[in-house]
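4 protein chains.
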Amino acid sequence: MIRILVTGGTFDKEYNELNGSLFFKDTHVPEMLRLGRSRVDVAVQTLMMTDSLDMTAADRDRIIEACRACDETRLVVTHGTDTMVTTAAALAACDDATLRAKTIVLTGAMVPYAFGSSDGLFNLGSAVSFVQTLPAGVYVAMNGRYFPWDRVEKDRAAGIFISREPHSDEPQTR
Amino acid sequence: MIRILVTGGTFDKEYNELNGSLFFKDTHVPEMLRLGRSRVDVAVQTLMMTDSLDMTAADRDRIIEACRACDETRLVVTHGTDTMVTTAAALAACDDATLRAKTIVLTGAMVPYAFGSSDGLFNLGSAVSFVQTLPAGVYVAMNGRYFPWDRVEKDRAAGIFISREPHSDEPQTR
Amino acid sequence: MIRILVTGGTFDKEYNELNGSLFFKDTHVPEMLRLGRSRVDVAVQTLMMTDSLDMTAADRDRIIEACRACDETRLVVTHGTDTMVTTAAALAACDDATLRAKTIVLTGAMVPYAFGSSDGLFNLGSAVSFVQTLPAGVYVAMNGRYFPWDRVEKDRAAGIFISREPHSDEPQTR
Amino acid sequence: MIRILVTGGTFDKEYNELNGSLFFKDTHVPEMLRLGRSRVDVAVQTLMMTDSLDMTAADRDRIIEACRACDETRLVVTHGTDTMVTTAAALAACDDATLRAKTIVLTGAMVPYAFGSSDGLFNLGSAVSFVQTLPAGVYVAMNGRYFPWDRVEKDRAAGIFISREPHSDEPQTR
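Protein chains in written order, with the working numbering: chain R, 1 to 174; chain S, 1 to 174; chain Z, 1 to 174; chain F, 1 to 174.
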């Protein structure tokens, strides 16, 4: 079984037609899984509905604890793209044997699912697939690719995730 | 690099507004990869545009030969769902060392991509991801899952792919 | 108040993912009115769900009787495009004072609403608007235009409705 | 022939996936007319791409002048909903015989057309239809209804346009 932990991000933003702003209501993940005719055994759990630029250290601690505490060993975390790599690093930095034995895949979207031109459904299909086949570790799944947590960065100008060399002062990829 | 071989199927059907029938024009795979913001290095090659119920042994030979002949070792084959398992078996039955060293993932859709409620984008994200991480072999990727070619069947009444035990008279999964 | 009489047609066709055919389930008209944020006072009544090529004289009699019997004097009839003009002529041929005092607008779609590229929502917005402003009579509203029943024909090759001169043997437009 | 004057508004907003904001690029009106299979003879002219809350008196003067100067006597103006009624009043206040002989219909959308759940296509179908059948005057077409310029207000809490009595100090509806 796979657990999908929802934290918000562009993925789940909606358009508020009363004031023209973007906001969060409920997650679209269950609807997206239905659309994808998914038959993967999943539990969907909403941890928070947050723009990842507003995510605090306390929010990240909640994500880490939720990843650690659940029975599932294969986890997808939906997350805003702007600090997805930061949360991935926080998960990887956690020195907990239970957590280290899990495969954790973070994914998100550049365009809200509720929009016509969203990459969300593609990304969810991708993340749900990578999480079934990758060994224990923390990964980002975006743009049809997967990246170990310490070999990825968001190219904000291009709006894509790209490979990078690990920083010398980073802990090694476990 | 990944090669995507297009053979038609529901995936690529369109609505002919002049006579109300469904038909094939061009494949939607490149447009779908753009929508998914895919940055995977792919070559898309259209082999045929066929309803899989109309697929002949000669058509399957063309698919096998295309899988064998290309340089890529990771291949996605888009295919109608009705005989997807038959083509997977034909690919697996081919006693060719080059082919046996490749990871081949067949996928398709229950609803045409051009429709609002298609599973196509989810499935393409899934297949493109599985093909990057699964070992050599022939697989079906549908419903967010992957199945070795000899452990899958389509449940036509439910419209989903399900696991089955290999038949005793089948060649072993390589 | 406006009455919308649903008779089927391409407008309301859906994709059956189990066998790949197009079929009728429920009408999409109420969902479309919600999407259009319509605040027009309407009653939606499903008379039949029929491909207009299969529509019989008895079906047309039911449509005529429903138009005559209801209290509303402004009616929209959703209808398959292939015989929309035939039904419009049947309505106009009916020598009934109650019916002749009503504004009846037939509309439909070239592509099912459930598809991404449907003209249905545009046509429904158009028909609901024309019916509020046109004088008593029977009209076809398609392609953003309205046509009196005896001055319109479907150009099947182009998939559009065009003006034509009334036939000399036709009853005069009332 | 109908002239469609584009001024921006929610109708034409798009999602900027690099920074998560809404912005204007090109108008979607021609694409929407294609989707609606419109065969109405129209000229589409982009005057500005403005959020109607940012619209200035100078912007309104440009709209009035464009309405006056063009040869067409039937005009649709796409406009943000927040100040649509203000622009309608400015058009109606203009004491110019040429302008007063024209039918001018303002319309817009509560949700951007580029989103899945937009009312834009319905509203465009509605406005293009009302403009063909209403007598000279200035109108707002929203929610499937039309309102003379001095008998309408936006109910911001509900996100809809509603009827109101003309103010006693207003010039009479011409």
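Hints are computed from structural coordinates only; laboratory data are not their basis.
Mixed in with the good hints there might be a few duds.
Since the list gives no way to pick out one identical chain from another, each pair is judged satisfied if it fits inside one copy or across any two copies.
Said to hold, decoys possible - Below 20 Å or equal to it, Euclidean Cα-Cα: the simulated DMTMM-like pairs (lysine to aspartate or glutamate) are:
no., residue 1, residue 2
1, Lys154, Glu65
2, Lys154, Glu17
3, Lys25, Glu65
4, Lys154, Asp95
5, Lys154, Glu14
6, Lys154, Asp96
7, Lys154, Glu72
8, Lys154, Asp41
9, Lys154, Asp71
10, Lys102, Asp155
11, Lys25, Asp54
12, Lys102, Glu31
13, Lys25, Asp61
14, Lys154, Asp61
15, Lys102, Asp61
16, Lys25, Glu153
17, Lys102, Glu17
18, Lys102, Glu165
19, Lys154, Asp26
20, Lys102, Asp150
Hints and how they fare:
When the C-alpha separation of Lys154 and Glu65 is checked against a cutoff of 20 Å, the pair qualifies neither within a copy, at 25 Å, nor between copies, at 39 Å. In this assembly of identical chains, the alpha carbons of Lys154 and Glu17 lie at most 20 Å apart only when taken from different copies (13 Å versus 30 Å within one copy). For the homomeric pair Lys25 and Glu65, neither the shortest alpha-carbon distance inside one copy (24 Å) nor that between copies (43 Å) is at most 20 Å. Neither within a single protomer nor between protomers do Lys154 and Asp95 lie at most 20 Å apart by alpha-carbon distance, with minima of 25 Å and 44 Å respectively.
In this assembly of identical chains, Lys154 and Glu14 lie within 20 Å of each other by CA distance neither inside one copy nor across copies; the values are 23 Å within and 22 Å between. For the identical chains of this complex, Lys154 and Asp96 are neighbours neither inside a copy (27 Å) nor across copies (42 Å), given an alpha-carbon limit of 20 Å. With identical chains, the CA atoms of Lys154 and Glu72 are never at most 20 Å apart, being 28 Å at best within one copy and 28 Å at best between copies. Taking the closest pair of Cα atoms, Lys154 and Asp41 come within 20 Å of each other only across two copies (18 Å); inside a single copy the shortest separation is 30 Å, beyond that limit.
With identical chains, the CA atoms of Lys154 and Asp71 are never at most 20 Å apart, being 31 Å at best within one copy and 31 Å at best between copies. Taking the closest pair of Cα atoms, Lys102 and Asp155 never come within 20 Å of each other, the shortest separation being 27 Å inside a single copy and 32 Å across copies. For the homomeric pair Lys25 and Asp54, the shortest alpha-carbon distance inside one copy (16 Å) is at most 20 Å, but the shortest distance between copies (28 Å) is not. Within a single copy, Lys102 and Glu31 get their C-alpha atoms no closer than 26 Å, and across copies no closer than 34 Å, so neither meets the 20 Å cut-off.
Taking CA atoms no more than 20 Å apart as the test, Lys25 paired with Asp61 passes in neither setting, with 23 Å inside one copy and 40 Å between copies. Within a single copy, Lys154 and Asp61 get their C-alpha atoms no closer than 22 Å, and across copies no closer than 43 Å, so neither meets the 20 Å cut-off. In this assembly of identical chains, Lys102 and Asp61 lie within 20 Å of each other by CA distance solely inside one copy; the values are 17 Å within and 42 Å between copies. For the homomeric pair Lys25 and Glu153, neither the shortest alpha-carbon distance inside one copy (28 Å) nor that between copies (28 Å) is at most 20 Å.
For the identical chains of this complex, Lys102 and Glu17 are neighbours neither inside a copy (41 Å) nor across copies (31 Å), given an alpha-carbon limit of 20 Å. For a Cα distance limit of 20 Å, the shortest separation of Lys102 from Glu165 qualifies neither inside one copy, at 23 Å, nor across copies, at 29 Å. In this homomeric assembly, Lys154 and Asp26 never come within 20 Å of each other (Cα to Cα): the closest approach is 26 Å inside a single copy and 28 Å across copies. In the homo-oligomer, the alpha carbons of Lys102 and Asp150 lie at most 20 Å apart inside one protomer (16 Å), although the nearest pairing across protomers, at 29 Å, exceeds that limit.
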